[in-house]
Structures are given as C-alpha cells and as structure tokens.
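Given chain A, put chain B in place with the hints provided.
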Amino acid sequence: MSSFRYPLRWRLMDALERAADLLWPERLSRFTGWLMIAPALLLVGLLVLGLAEMADGSLRTLDRATFLPSEELSLANYETALGSATYWRVFGRSILGATLATALTLALAFPYAYALVRVPGAVTRKALLVVLFLPFFIGQVVRAYGWLIILGNGGMVNEALGLVGIAPQRLLFNFPAVVFGLVQYLLPFAVLMLAPALTAIPAETETAARSLGASWVRTIWHVVLPMARPGLIGAGLVTMTLALTDFATPAMLGGGSQDFIANAIYDQFFRTADQGLGSALALMLVAAGSAIVALVLGLFGAGTLAMGARR
Amino acid sequence: MTPLPRPDRAPEPGQPAVLVRDVDMDFGSGPLAVAGASFALARGRFLTILGPSGSGKTTLLRIIAGFQQPTRGEIRIGGQAVTATAPHRRSIGMVFQKLALFPHMTAAENVAFPLKMRRHDPATIPGKVERYLDLVRLGGLGGRRIHELSGGQQQRVAIARALVFEPELLLLDEPLAALDRKLREEMQLEFRRIQKELGVTTINVTHDQREALVVSDEIIVMDHGRIQQHARPVEMYRLPANPFVAGFVGVSTFLEGRRTATGLDAGGAACAGTPVGAIPEGAPVQGAIRAEQIRIEADPARLAGCDTILPGIVRDTIFEGERLLYLVEAPALGLALQVYHHDPEEFALFDAGAEVSLGWNARDLLIFNRQDGRDGR
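Each protein sequence line maps, in turn, to chains A and B. Counted from 1, the first sequence has number 295 at position 295 by this note's numbering; the numbering is strictly sequential. Heads up, this note's numbering is the position in the second sequence plus 1000, with the first residue counted as 1.
Treat the hints with care, as some may be off.
[Claimed, not checked] As a list, the in silico EDC-like pairs of lysine to aspartate or glutamate whose alpha-carbon atoms are at most 20 Å apart: (1) B:Lys1098 - A:Glu204; (2) B:Lys1098 - A:Glu206; (3) B:Lys1116 - A:Glu26; (4) B:Lys1196 - B:Glu1218.
Hints are computed from structural coordinates only; laboratory data are not their basis.
In isolation and in its complexed conformation, chain A is listed as follows (with noise of 0.2 Å):
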C-alpha cells in the first residue's frame, strides 16, 4: 500500500481540466491566449466606442430654445472652450496641481517604497504596510470630508492654534488644500509602483557602492534613483493622470473655487446640462492626458516601464 494519496485539489483540477476540453477542445488551443484577452479587449473597445460618441456631441452645439443638440456639425464648442479665459485657467490649475502633486508624492513616496523594501523586521514592513492602505479603506469622499474637520475653521488645527494665541486661519477651499489632499490620496500609488522597483535592486550593489567610498546620500543619489528611473517614472505617469483627472478633492477641498478640468466638464454635463461642450471639454482633457503620457515616453523610452527586454 502506497503512502503516496492523490490530492483532492489535483483530482478537482482534472475534473475542470475535462469540463473546459469539452467547451473549448484542445484543437482550439492556439487561440487561447486570444479568448483570454477578449474581456479585456471587449472593455477597451466600449471605452473606444463611448469616446467616439462623445465626439461626436462635441461637434454638436446646445439649441438654448429647446435645449437639443443641433443636427449639423461645428467647432463652436471647442472654439468656446479655447476662447474662455475661464477654461484656460481651470486647465492652467489642473496641469499645475497635477505636477506639483506628483513631484511632492514622489519625492514621498520614494523613502517610504525604499523604507518598505529594506527593513529588516518583517513586522515592520506589515506595520508601514497597514498604514499605507488604511486611507484606501477609508474611501475618497470620506477621507476629504476628514481633512474638511480637521482644517476647517472650527476644527483641530485651528482649535490648536487657537490655543497658543494664533488667529484662526483659512486652510481649506484653497490651491495648497487642493494639492495637499491629492498628494495624501495618490501616495499609496506611488508607493505601490516604486516598490518592485526598488526590490528589483539588489542591497549587495548598494553595499558595493558604500564600500567604494560612497556615503549613503551619494549611494542613495549615485546609484540607487538611476536603477529605480523606471519605477519612478511609471508611478510618475500614474500619479500624474490620476491627478490630472481627479474630482473629488478639487471638488471638496476647493470648496468650488478650484476647480479642475473634471469638476468642469461635471458642470457642462450635469448641472447646465451642456452636454456638446462638456464632451469637448472631456475629448480634450484626453488628448492633453495623452500628450504628457507620449512625451515622457518618448522622452525616456518605452523600455521605463520594464516593458522593454532591456533593463
């Protein structure tokens, strides 16, 4: 008698095996990989679909009188949208918020990924894990309701200075709100692309590069940023299109006052229900959002993605 039992689990997998060889028998199995990708293919093409639609009420003018699209096609919307000085600015602040959110959340995010990857204590790495992932939980529109609290006029911070004689002051519904509360809500992001970044450097170059005489900054600045280029450029993009896009914190820490170009195609859309320059408006933050994504391709390479064969 044998000691050796077939697992349950391998018996299981046979049963599947069979059951998926009647549906799709083995002859097909060249188009696998072409069936697995179908869901995802078939997502990417409604998005593409929506988008021509869009484009096509872009083209389309508001009719006031009946509140209709108009029937024949023109520019106006997009000559409307490039002709306001509103819409320069409220794109002006996206494009600036954007960038200074994520430069301030990678310039975060990278000691906190190298913090992650090279503690010693394995309770430790969980501990500085739990804490990057508590604000996920929490959700976006509650998280800015918390820093609504906290910075309001009567809340925490104020109360505090109020304390030690200061006067209260205006925290909220303002550009540094606005970026702050970006910043906190794209770290975990960044630090979840920066670190198999950082893992991908193994800590025997950087002892190498103490014991040839670097200090640790110079290891840090010499050694450790050019092997993470990759990581940090795709936590870069990310950072920058979710930034880019995002409504909620423009719309709750900018109390309406800064306004992104989201909370404005929001606008068009559901509050003067101008559907036409809402997707003009929309169509072109998409062709912006592609540009910054090409150039910084273009400018580093595909291959920054670890896409590339080469490292």
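Using the frame of chain A, we list chain B on its own:
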C-alpha cells in the same frame, strides 16, 4: 601598457597586513557563526579561506570588510585597529559574489566610481581608469554597458573597480562560484596574475578546494565557525591537521580502529600508518588515506615494497577523463576504499567484480586521535 605604480606599501616592521585576533560572531541563535578566529597575514600574500557553506568563512570576510561588527575580538589592517571603522573608511577593495556592478553605467564609469567617491583629482581619473582596464585586459571596451559584456568581462570590470583606488587589501567573496568550469579556471589564473602583478594583499573566500590550491599562497580551512588549519597549499594537502581537513581537501577514505605500534588495527586488519601528534597505544583513532596514494594491482607480487597489502573486490569503475576512480571493497576492513588509477596501461581496466590487491605506504595513512580530532565524515 604603462607600468602601474606600485601602491605605497611601505613595510612597517613587525606589522602584518591583516591581523584577526580572537574574533567571535554571535547571531543570537544557535552556535557561534565564528568562534575564536585568529590569524595574521603578511603583506602581499594571497590567502584563501576555504570551507563548506555555513562554516563561517563569509561571515569572517564580512567582518574584515566592516559590513558586520564582531561580537568580540579585534581586526587590524596595516597595523591600525579598524574594528569600529565604517567599511568605506577602511582601505579595502571588494569583489562581490554577484559582482554588484552598476548596470546604468559603462565599464569605465564603474571603474571611475570609487575614484570619484573617494574624491581623487578629476584630472587623474581617466588615466587611472584606462590603466586598470588595461590591467584586466579590457582595453578599448570601457565604453560598453555592463549588459553588453560577457560573464568573464564583467568579472574583469569588478576586479578593476575593486583595485583602481589602490586599496591596502583586496577581498574576494566567491566571485567565481557562478561561472562555468572553464571560465572559472581561466579567471582563477587571472586573479593570480593580477595579484602577483600588483602585489596587493588578498583574502579570497571559496568552497572550491581546487580553487584554493590553485590561487593561494596560504589557505585557512574553516568548519563550524572555527579555523581548522592555516597552512601553505602543499602542507595543507600533505599534512592535514585533522580528519575534517583531510576529508575536505582531496579525496580520502577513512578507517576506524585502535592505535597500534605500527599504525592502526581496524577490526583485526593491521594497517601501517603515521600518527598525527602523540597518540597512546590502544586509543580509538581514525585513519585517512588519499585515493591517489593507494596502488591497485591484479598481482600482489607487483605491490612489493608497500607497507600494507590487502585483497579487494572492485565494486564500481568510474572514468573521470584524466584518471579512473575505483570503488574497491576490502573484506578485511568491511568498507569500500576510493582508489585513483592514473594512466592505466593499454586500457587494462578492472571491471566490477574483479579481484585485486591494494597497497599503500605507512607514510600515506594518516592517523588522527578520535578524542581531539573532528570527524572527517
């Protein structure tokens, strides 16, 4: 090639290049990783620390490099106590196990890195980089990226990078372990050539006994955190201090028995041998005999002159290219001996089952006291 200036190694009388004194390393769990290690290394010598994995050889190297603080003991380099000195303030060049080259730099930039970090005059850096690239025979390849170089060329970049700032001491942390055999043997000779050319004091760590014998002026064998023997390669091979060294360096067969006036008695079979140290008669002993010191013949008459002659039966014949390895069972001893046969005449091989005679001289069977020696098996 322009001659390399010999680094300033003015001999300080009575000061060894490296002095390790009573070093213990306790990681807190289990026995000491390094226990009571002491040795001195003279200037310009090439020392190899040899041992199996877990013997503490790498820990000892990392303590000398300064990456680890010993629990107890002292390290001196060039007469200066450096036990508490940071690695980059010790004058040490190190070649790492996985090389740890900087992939975002060219070969020349890798070699220039320590010069820049140690703030050498920028005007002198290109010349030094070129000289050391020439030294490791990479002249003209300085502009290549690391991934554009072969494994052997990457080794050479790592050596140049560790030597270019003219350190007092070169440390090699098993850099050859991952190479295939042919390249490894080529690089062993390169290490030896470069070390002799520069005269830099070198400590190498390896588990490869052949490498230790080939490259070193001196060998230290370690096991279980303790230094088992410190000797020149020939001495290490011919006169191992205990059964562990006899078993680790070279191929030996071990016999259990009791000390007699002429050798040892293994369960009734008298074997002529030479005791290592004074061992009282009747004491339990372990004998070690190397595979190449046993002669194998079909006709016992051809073994005339051997101090011990035993009958045996061939159990297996293993062709190793430059020699044959026989596993021969000796009924009188109740075990199988490993026997090398170099250059057999006319392919006169013994097949499994062949009845043969084995012989050896008293000089070649080393007898160790079981009370103090470590077990060889």
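field: Violated hints, by number in ascending order, as checked against the structure
entry: 3
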